[in-house]
Structure formats: structure tokens, C-alpha cells
Amino acid sequence: MIPGTSMPGLADLPLHLTRIGTGDMLLEPRDGLDPDAAEDYLEPILACLREQHVARLYYDVQQLAVIDPVYYGWMAHLARACQAMGVRMVAVHVRPSAAFAMSRYLQAEPPFATALDVGG
Amino acid sequence: MDRINGLLIDALKLRIGGITDIIEQQAARIFSDAPLLSAEEITDYSLEFLELLIVLLQSRDALDEQQPAFKALRQFLASMALQIQSRGGEMEELVRYQQFIQSTLLEQIESDSQASFEDSRGMLMLLVKLFNELSLAVFQTYLTEKEGTIRAQQEELRQTSTPIVEIWDGVLTLPIIGSMDSARTMLVMDKLLRRIESDRARTIIIDVTGVQSVDSQVSHHLIQVVRAVRLMGAEAILTGIRADIARALASLNIDLGDVTTCATMAEGLKFAFRRLGLDMQGRVA
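So the sequence lines, in the order shown, correspond to chains A and B. Take 1 as the starting number for the first sequence in the UniProt record's numbering and just add one per residue. Take 1 as the starting number for the second sequence in the UniProt record's numbering and just add one per residue.
Quick caveat, the hints were computed from the structure, so don't treat them as lab data. Owing to the predicted nature of the structure, the values given are computational and were not obtained by experimental measurement. Think of the CB as a built atom: it goes at the ideal place given N, C-alpha and C, for glycine as much as any other residue. A couple of the hints might just be wrong.
Per the computed footprint, the stretches of chain A lying under chain B, defined by three or more beta-carbons under 8 Å from a beta-carbon of chain B, are [unchecked claim]:
id : region
1  : 81-95
2  : 99-111
Label-pair restraints from in silico Cβ distances [stated by the list, open to error]:
id : chain 1 : residue 1 : chain 2 : residue 2 : range
3  : B       : S251      : A       : R19       : 23 to 33 Å
4  : A       : E109      : B       : R87       : 31 to 41 Å
5  : A       : Q107      : B       : F139      : 17 to 27 Å
6  : A       : T18       : B       : G178      : 42 to 52 Å
Whole structure, please, built from the sequences with the hints as guidance.
Okay, structure coming up:
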């Protein structure tokens with residue numbers, strides 16, 4: 001676990017959650033994030049989004065050269081949970097290799113939007 | 001150096017003048033028609049060849065490909081082959097040249113009345129084996145060179161057949177010409193996704209006017225490209241789907257429902273500009 005989250009209550013999670021504007025937050029995963037342990041991260045993240053009245057969550061995947069089906073599963077799970085709370089999730093900085101890999105196994109549109117940059 | 005090699009060297013040295021003259025005359029006939037080699041070049045090549053051959057025969061095992069003298073002779077022939085090739089010649093000319101040298105040498109040895117039957121036979125066998133090895137080595141060099149040229153041309157064709165052009169800030173065009181297979185799709189996708197990342201492109205117009213035919217594999221590849229573009233956060237617009245291709249897509253049950261399509265690239269451009277909030281006005285000067 002890599003500490004260092006900017007939000008209280010998320011200090012022990014391997015991710016960084018930062019407010020970046022009115023209604024927007026940025027989630028940056030760290031190396032130690034285990035997509036199989038999605039349930040451990042989900043509730044604290046959702047609680048934080050609710051507390052901060054977030055309408056849009058930017059998920060920064062710049063660190064990921066490849067997004068495999070397991071990791072994609074975690075992102076989709078988070079996106080659907082966000083959707084249930086009225087929060088729109090946008091994956092940003094998808095690297096070419098990651099987009100290429102995802103396009104090979106995805107059969108339908110992902111439950112999150114994508115953008116080149118935050119705000120895009 | 002064994003006895004046969006020594007005898008062969010002596011025979012060659014004894015007749016070197018005559019052999020060179022015959023080779024030059026014949027080489028002139030082979031190479032001058034094109035013309036692939038000048039008279040001076042033919043003389044130089046013929047002399048150098050015989051010199052290198054004598055050096056090779058002086059070495060311990062003339063048939064050992066790893067020894068420097070063999071490599072030198074092979075390199076000499078390879079350079080000659082490349083020069084002939086670069087001047088529009090074919091492998092055939094060099095093979096004929098080599099065969100002629102071989103037969104000239106064999107004739108000269110056969111005409112040596114002083115050599116015993118066993119010695120003549122030994123020299124002939126050695127020459128035949130040597131020339132066979134050399135022919136093989138030169139042929140391999142030629143093939144390697146030819147394959148390299150073909151690979152380079154294919155790569156050049158791949159690069160030029162998928163020109164990605166930024167026609168406006170954040171708008172890329174990609175006209176696809178020819179057929180799409182898995183290898184080409186990967187190349188196109190790799191180039192395109194990298195350009196999206198480096199140019200921060202928001203809209204990509206993929207024009208398929210030049211795609212000759214569409215089967216289920218091609219359509220699958222196209223959809224994969226569109227999906228990958230979208231995953232990067234950009235939008236792909238598919239343009240130029242001809243009537244026959246649209247009919248093929250329909251009969252293949254390919255659903256392009258979630259893909260933005262326009263009839264022509266011009267329509268695609270207008271669509272892209274509208275999405276970017278650009279107001280286009282047609283004016284006549």
C-alpha cells in the first residue's frame with residue numbers, strides 16, 4: 001500500500017484522489033493497486049465522491065502501458081458504481097498501447113467515457 | 001597445401017596469360033551487350049579473380065568456407081554481383097561468367113599432356129567442388145540482398161500507403177487504400193494512435209474510398225481501429241463507404257450503428273469542424 005492520498009479516509013489506499021475543480025476530481029492509481037481487490041477501494045472512493053459533491057471523476061491511466069481485462073474489469077466496476085451515484089467517469093491519458101490492447105478484447109462500449117486530457 | 005593444389009597453381013600460373021585473354025574476351029561478350037562492365041573493369045575483374053583463386057589454392061583447405069582466402073573470393077564475387085545488379089544486370093550474367101571461367105580452367109588443365117590421369121582428375125574435382133561452393137555462396141549473397149531490397153520496398157509501401165495528415169488543429173485524416181489485413185491493421189493502428197497522442201488530435205477522419213473490397217475480417221479490423229481511437233479519447237469518422245461496400249457490410253450483418261459515418265471525406269471534414277465549433281463559410285473570391 002502506498003500512502004499519500006490527498007483526501008482523508010483514503011490514506012491507506014494505493015491511489016491518489018485530488019479535487020481539481022468544481023464538481024471534478026482526479027483519481028490517479030499507484031503501482032500497488034490490485035484490481036482484484038476492487039471492493040476494498042470502492043466504498044472509500046465512492047464515499048469521498050459523495051462527500052465532495054463530485055459530478056465527474058477523471059481516472060488517469062497514464063501510468064499504464066497496457067490495460068488488461070482484469071484491470072479493465074475494475075475500471076468498469078468503478079464506472080458503473082459512479083454512474084449509480086450520478087457521477088460520470090472519464091478515463092484520461094489512455095496510452096496508444098493500452099488503447100490497442102483494449103480494442104482487441106472489448107466487444108462493447110466501455111461504461112466510462114474517454115478523453116485525451118482532463119477537461120477534454 | 002597438398003599436391004593437387006600445388007599442381008593446379010602451377011598449371012594456372014603457366015597459362016595465366018592465355019587464360020586471362022580467353023576470359024576477357026568471353027566476359028566482354030557477356031557484359032558488354034547491356035553494357036554492364038567496361039573493358040577495363042572486365043580486365044581488372046578477371047585478373048583479380050585469378051589472383052584470388054591462386055591465393056585460395058595456396059591455403060591449407062581451399063574448400064573451407066571459414067578461411068579468409070575463401071571469404072575474400074566470395075566477397076569479390078558478391079561485390080561484382082552487386083555492381084552488375086545495380087547496373088540493371090541479372091544474376092544470370094554472373095553465373096554465366098563464373099561457368100565460363102570454370103570451363104576455361106578445366107579445358108586448360110585437360111590440355112596439359114604432362115599431368116597424369118590421376119592428377120588431372122584430382123585437379124578437375126577440386127575445381128568443380130570449389131566453383132560449386134562459390135556459386136552457392138554468391139547465390140546466397142544475391143538472395144539476401146534481393147530479400148533485403150524487397151523488405152525495404154514493402155516497408156516503404158506500407159509507410160506511404162497509410163499517410164496520416166493533420167489538416168487542421170486536432171483533425172487528422174487517414175485515407176486507406178488497398179486491402180486491410182491483420183498486419184496492416186496493426187501498423188495503421190500503431191501509427192494512428194501514436195499520432196493522436198503526439199498531436200493531441202480530437203477527430204480522425206478515416207476514408208475508405210480506396211478500399212477495394214470488404215469481408216468480415218476487414219470490417220472487424222475497421223471497427224477495431226475506430227474503437228481504439230475512441231478509447232484514446234478521440235472521435236473517429238468513417239467516410240467514403242461505397243454502395244457495394246455498404247451492401248457487403250449489411251449482408252455480413254456488421255452493425256456500424258455506433259460509428260459516425262459520412263458519405264465523403266468533404267462531409268466528414270464539415271462534420272469535424274462543426275464538432276470543433278468552427279463556422280465554415282463558402283466564399284467566392
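Hints and how they fare:
{"no.": "1", "hint": "81-95", "result": "holds (count 4)"}
{"no.": "2", "hint": "99-111", "result": "holds (count 8)"}
{"no.": "3", "hint": "B:S251 x A:R19: 23 to 33 Å", "result": "violated, 52 Å"}
{"no.": "4", "hint": "A:E109 x B:R87: 31 to 41 Å", "result": "violated, 59 Å"}
{"no.": "5", "hint": "A:Q107 x B:F139: 17 to 27 Å", "result": "violated, 51 Å"}
{"no.": "6", "hint": "A:T18 x B:G178: 42 to 52 Å", "result": "holds, 47 Å"}
This entry does not satisfy hints 3, 4, 5, going by the numbered hints stated previously.
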